[in-house]
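Trainee: With the hints as constraints, model all of the structure from the sequences given.
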Amino acid sequence: MKIAPWAVAAVVVAADAYLCVKNPQDLDRLLINAMLALSAFATLHARLLSLASAGFAAIGAYASAIFTIKLGLPVYLSIPAAVLACAAVALVIGLPVLRLKDVYLAICTLGFGEIVRVSIILLPGLTGGATGANLSTGFAYEAMKKTQAWSLALALAFLCYLFWSASRSKTGRALRAIRENPEAAETMGIDVVAYKNMAFLASACIAGLAGAFYAHSIGSLDNGDFKFNRAVDILGYAVFGGSGQWFGPILGAGFLTALPILLRDGLGSSIGFLKDFAQLPNILNGLALMLVIVFAPGGIAALFVRRGERRATGPAKAMKLDALDVLAFAAVGSAARDSAARGLSAGGPGTFLSLSGVGRSFGGVLALSELSFDMEEGRIYGLIGPNGAGKTTLINLVSGLLPPSAGKIEWLGREIQGRKAHRIARSGIARTYQNIQLFGEMSVLENVVVGHHARIRSGLLAAWLRLPSMLREEAEARREALGLLGRLGLSGLAGMEAAKLSYGDQRRVEIARALALQPRLLLLDEPAAGMNEIETAALGDFIVDLKRHGVAILVVEHHMDLIMAACDEIVVLNFGRKIAQGSPAAVSRDETVLEAYLGRE
Amino acid sequence: MSLLEVRDLEVRYGSIEAVRGLSFSVEAGAIVAVIGANGAGKSSTLLALSGLVRASSGSIAFGGRDIAALRPDRIVRAGLVQVPEGRAILAPLTVAENIELGAWTRRDAAAEVAKDEERVYALFPRLAERRLQLAGSLSGGEQQMLAIGRALMAAPKLLLLDEPSMGLAPMLVSAIFETIAEIRRSGTTILLVEQNARQALRIADSGLVLAHGRLFKRGPSEELLADPAIVEAFLGKA
Amino acid sequence: MSAKRSILCAIAFAAAAVASAAPLPATIKIGVVETLTGDNSAYGISIRKGIELAAEEINASKLLGSSQLALVVADDKADKQEGISVFTKLINDEKVSAIIGPTLSGTAFAADPVAQKAGVPVLGTSTTAVGITAMGDFIFRDSLPQAAVIPGTLAAVIAKYKPQKAALLFQADQEYSKSEADVFKASLAKLNIQLVATESYSKGDSDFRTQLQKLFSKKPDILVLCSLVGEAIPVLQQAREIGITVPIVGGNGFNSPNVIKNAKEAAEGLIVGSSWFIDSVVPKSKAFVEAFRKKYGGDPDQFASQGYSGLFIVANAIKGSGSADRTAIRDALGKVKGLDTTLGSFSFDENRDPVCQSVPLTVKDGKYVLFQ
Amino acid sequence: MDLSLLADPVFLAQNLVDGLSRGALYGVYAMGFTLIFGVLDILNLAHAATFMWCAFVGWLIMAAGGAPLPLGLVAAMIAGAAIALMLEFVAFRPLRREGADKLSSMISSIGASLIMVSVAEAVFGVQTRRFPNSVLNPKPFFIGGAGGVRISRAQILILAASVLLMVALGLFIRKSRMGKAIRAVAASQKAARLLGIDVNSVIVVTFLVGGALAGAAGILVALLTNNIVPGMGNQIELRGLAVVILGGMGNIEGAVVGGFLLGLVETLTIAYVPGGSDIKDAIAFLILFIILLVKPNGIMGRGKADRA
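Heads up: the sequence lines are chains A, B, C and D, in that order. Sequential numbering of the first sequence, starting at 1, is according to our numbering. Sequential numbering of the second sequence, starting at 602, is according to our numbering. Sequential numbering of the third sequence, starting at 840, is according to our numbering. Sequential numbering of the fourth sequence, starting at 1212, is according to our numbering.
Keep in mind the hints are simulated off the structure, nothing from the lab. Errors might be hidden in some of the hints.
Stated by the list, open to error - Under the rule of at most 25 Å between Cα atoms (straight-line distance), these lysine-lysine pairs were calculated in the BS3-like manner:
1. D/LYS1350 x C/LYS1057
2. A/LYS101 x A/LYS227
3. D/LYS1350 x C/LYS1100
Claimed, not checked - Chain C regions said to be covered by chain A (calculated; three or more residues, Cβ under 8 Å):
4. 873-881
5. 908-922
6. 928-936
7. 1014-1027
To be verified - Which chain C residues stay away from chain A? Per the calculated CB distances, all over 12 Å, these:
8. LEU863
9. GLN1033
10. LEU1034
11. THR1166
12. GLY1173
C-beta atoms are modelled at their ideal positions from N, C-alpha and C, and glycine is treated no differently.
Mentor: This is how it looks when you write it as structure tokens:
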């Protein structure tokens, strides 16, 4: 069923406007809920299923109440102070809690809310305990009431601006990438942990702000204000509105706040049989919730996205690598050299990549053991061996997704074993995956632009200020990415949603994305899987071309034609051990290799 | 009458047309290879045959009966079984349980099923050794064997194999192709999608060449292997 | 019958009635904001029944002459924001002359200031927390604060059982139960009874055996329980189940026909203090119970009674002031003295809190009787 | 620590009995919840409302209709299965399609829960409903004389039922043909489809079983606490979530073990920690925090690979 998204948004906005004109008290409620929804969005968007918003709102509410009543701080100071208190708590609990996944995080953060609630009860001197804190007799209350609605609206508008501008910057893109595929994001040079912490912190601060406003809007607090149901409601706003776009949660909060009020006012409670059926508005509310979510299962905001962005701009061209614009491509190579020179010139000659005694075990089973070999700059290395020989494990070790359990990996003269994957990616090692790991719901172009993450210097502040330098960098990144796509014959697909591409095209996008990092070393894990002989051969040519432009390559492949044609040197693994190393010709004659892997005709 | 008759099949994903008006048939007892470039619509065709994606138009007759609108489980029950790309084994279940579940749709006697189970373990002795191991702990090649063995348990009349050699070591690739040939000898018809086109055509009786969602060429394998245009576009130098 | 008495009482307001000559409007809207859905709706629904009964009687008896009271009922959902929203709606859209409610003190703390600011009198019929009426000169209540009930109850208990040691159970996260427990603690200290153990539970608990067992292990002479109606029943039953036989003194939550009906023999001997009970000999009360049974087919509880009386108090204030004007009603409410209600002779003190009787009761043979 | 109490063995034994029966109650509730999560990866937040409705159905049949306990138990389980089936068709199946956010199902279940609780309120009112003594004699047994350890019939029933249900469900999931199909669907719906398993009907069975477990939990909790109200679901929901996480999402035995653990910890906290009853709610989650820090997949969680 087709639903016009703008019509939905217009209906929600109109309903809310009507309500607020009719009953200005509902404006506070609406704005506070929208703010809470944004706080849930901040975490949800970073792939954190956190239900901590209610807990932080409680902290913000009580903190600002305490600052106002006990310390006599003016409201315009007590609210920011409360936000700072939330930030402090978020920093402390974020560290351990953010390691948890999905539902585990959700329940743990629910628990956090419960602990906050119990703490409120247990600190009667500070919070009034179970009997609650009452601001309504405090001097700040009346003053606050007068300014409440517009200061709240202003704060929300400001938050919206921050989210809007951030979403159109590298920060927003990085968060989208993390949402889609945190592991791939990490290997594209994005510090996933830092971003998640940032998102959690932002969520806590926004929730705290909303809570502080709540305290001053309501004038009294008790421990029941932010209990379990509230936490679920807040998450509901964000999901219902759509967690893909920043405006989704606001629409969601607008809808879900307005609906019960409209039902209440529309039905009244003094009419006929409804008189003794006070539950009817609640029942209809639940029904409406279910109906709407069925028609907009990705949330209201998802209705917007499905339309514009994801249309193919033309059919995919066959991979015509012979038409490669060598001159343009040279730019990639030289940039790669630049980036290498920029960051990691410390290494002495001869230590491009060196593995010595590297091993890795999983639950006692050795996947790799005692592996040593060196790579030189600008050469192509093939890594072959039977399934389960440890090839992908090796790639994971070099790219930093796994720490080795033994041994040393030296890259440009520095030991990098155990270093975080995003740092390794930034130092010039890019990779692709055996099972394609694209950011599926992002466009092909966006996927590639993610590769520019480390090179875009403009941070969040620049994005918020919309500095020209940041806009320029963004435009530049897009231009370069489009160029790269063009060279891989993918420019017609730039606007397509990556997940909708065919298997082989996805592989090419993955390679383009890796190249966007301007790597000195490219790790390719079965790049030709799903390609036919012709395409495989073209890929081989392409790899050789990359080498010519200064990129070293380690390629895992079962297509022996490609390996034999492209590689300068081949390493053969079997049961986690190196059984041979040498030129293609030598390896293909090696008895052990024939025995273990190639087989004899 | 052919075992499988596909007429004017179309498959769309939103605005993308993956398969456009494809017609072909598969005779009982044959191996038919489907080859073509990436995005030519091979996997989409198989998914439509298995009912995992709905054909937007066209008919699929299997054993004389139109199955285009049937649910996936009904299609399996009718005897059309697929081993999908990426194997789709049940990682948290044991090998034996995977095999056992392969016979889910069968209603014949337990003894028959048990006999088939032994046949599968005989075909893949590696699996017999690992009966109680979790399927997720198998190597890629063993997982492929398991996926095929499991599909055989459904006693298929037509077996769809999507890229069985993908990601396998060269030694295993030839082993898998040998197995496929052996399965055919036991009477099962096979529709084989392969990127490894040359090898696929070698064991197949005939081939279908797809391009951009359409049938580009069809014919006996030897003919296709000898066709310069096909060699140029899909097989590459030998 | 009852209306006659009300008219008699209203003579006290004659002076005010004469002062304002303008006739009362044909209908006078009274807002009723109660918790009608959710866990706490037992109170709200009960109050509403009492108020609606009162409205029928007032309108039928022409207490206000040709004027009729029209109730505008709204559900506050026990939610602060909803309470504020509903108050605003009633005040601005419905132009009510006065509001009765809300059900819970927490909601009152949020919503009453709205009425105070708009100059609309509010009468709480179930809000007992400290500080409710301190919110402003438009805020009244007819529910006795706990401090007015508990010392008397405990004094009666001491007179009979001479206890040395007491143990206390209350709900930690519930404002009503908590403040009731605080009043009990203060009163026990004043009466020189040692509080040997205090335990709590929280909302949602339904298994209290461990807490009771722990209290029991301290061998108290009396057990004080502060629970809302919902928990009162299982608390009582479980206390008896684990073998507690000492006298049990219950808070306000135990003063409900529901407790007797459901806890059955476990309720025997329970002692509660209350401004009202079902077998009250106050004449107004007898008539009320009869009328309530006739209309609803069940027994009223204390909340229904307080709601019923609440509307009568408001109606009498309207009659007294001879005006539906909000401020005039406020002024007349402040002057209510010795009004005959189901709660006995009723007055407001200078803090707009109720002054009326409170009696200790005990359960005997499945009925509340005076405790002696 | 309250040392005078610590020395009392009867008090300790009493607390163990009470703690285990409290835990059994959490466990039975959590079992159905975790089963549905394991298969569908969906938090069914209407599970608590299902549980509540079953308690009412049991009450109607036994207290109002005069049926004996076994009949009431069966009726409650059937009611649970029927309600869960309805949920699957109304709240979950319409959302089981491509492009649907997993969390959308959660929202839909919140909507369903809101409706179910509101309808119960409208139908039954919010007053406490109770079983008459004829249903289950509330007089406890005392082990070791009058001053000994008290154990009520309801406690015995719930302890026995929790272990029995755990074993039965474990056997069903591991050994039966349908159990294997359920695990197949849990592992990969696509793979299950390719095996010819009708995924929808397997999910229906899952909901039936999960609902029946909610029904059993509803009636057992109602018997133990003898306090049946429309809001009784809220009371166990949060604890249920904690228990499910403790045991590892989707792990049935884990849910029961987690239930026992939480029940014991809560009870012992109340019993032995001064002021323990004030902090018991926080203690449950503090322990959850600590356990998850050490074992991020729960005490019996072995990751998704061994789920269901």
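Trainee: Which hints, by number, does the structure contradict?
Mentor: none
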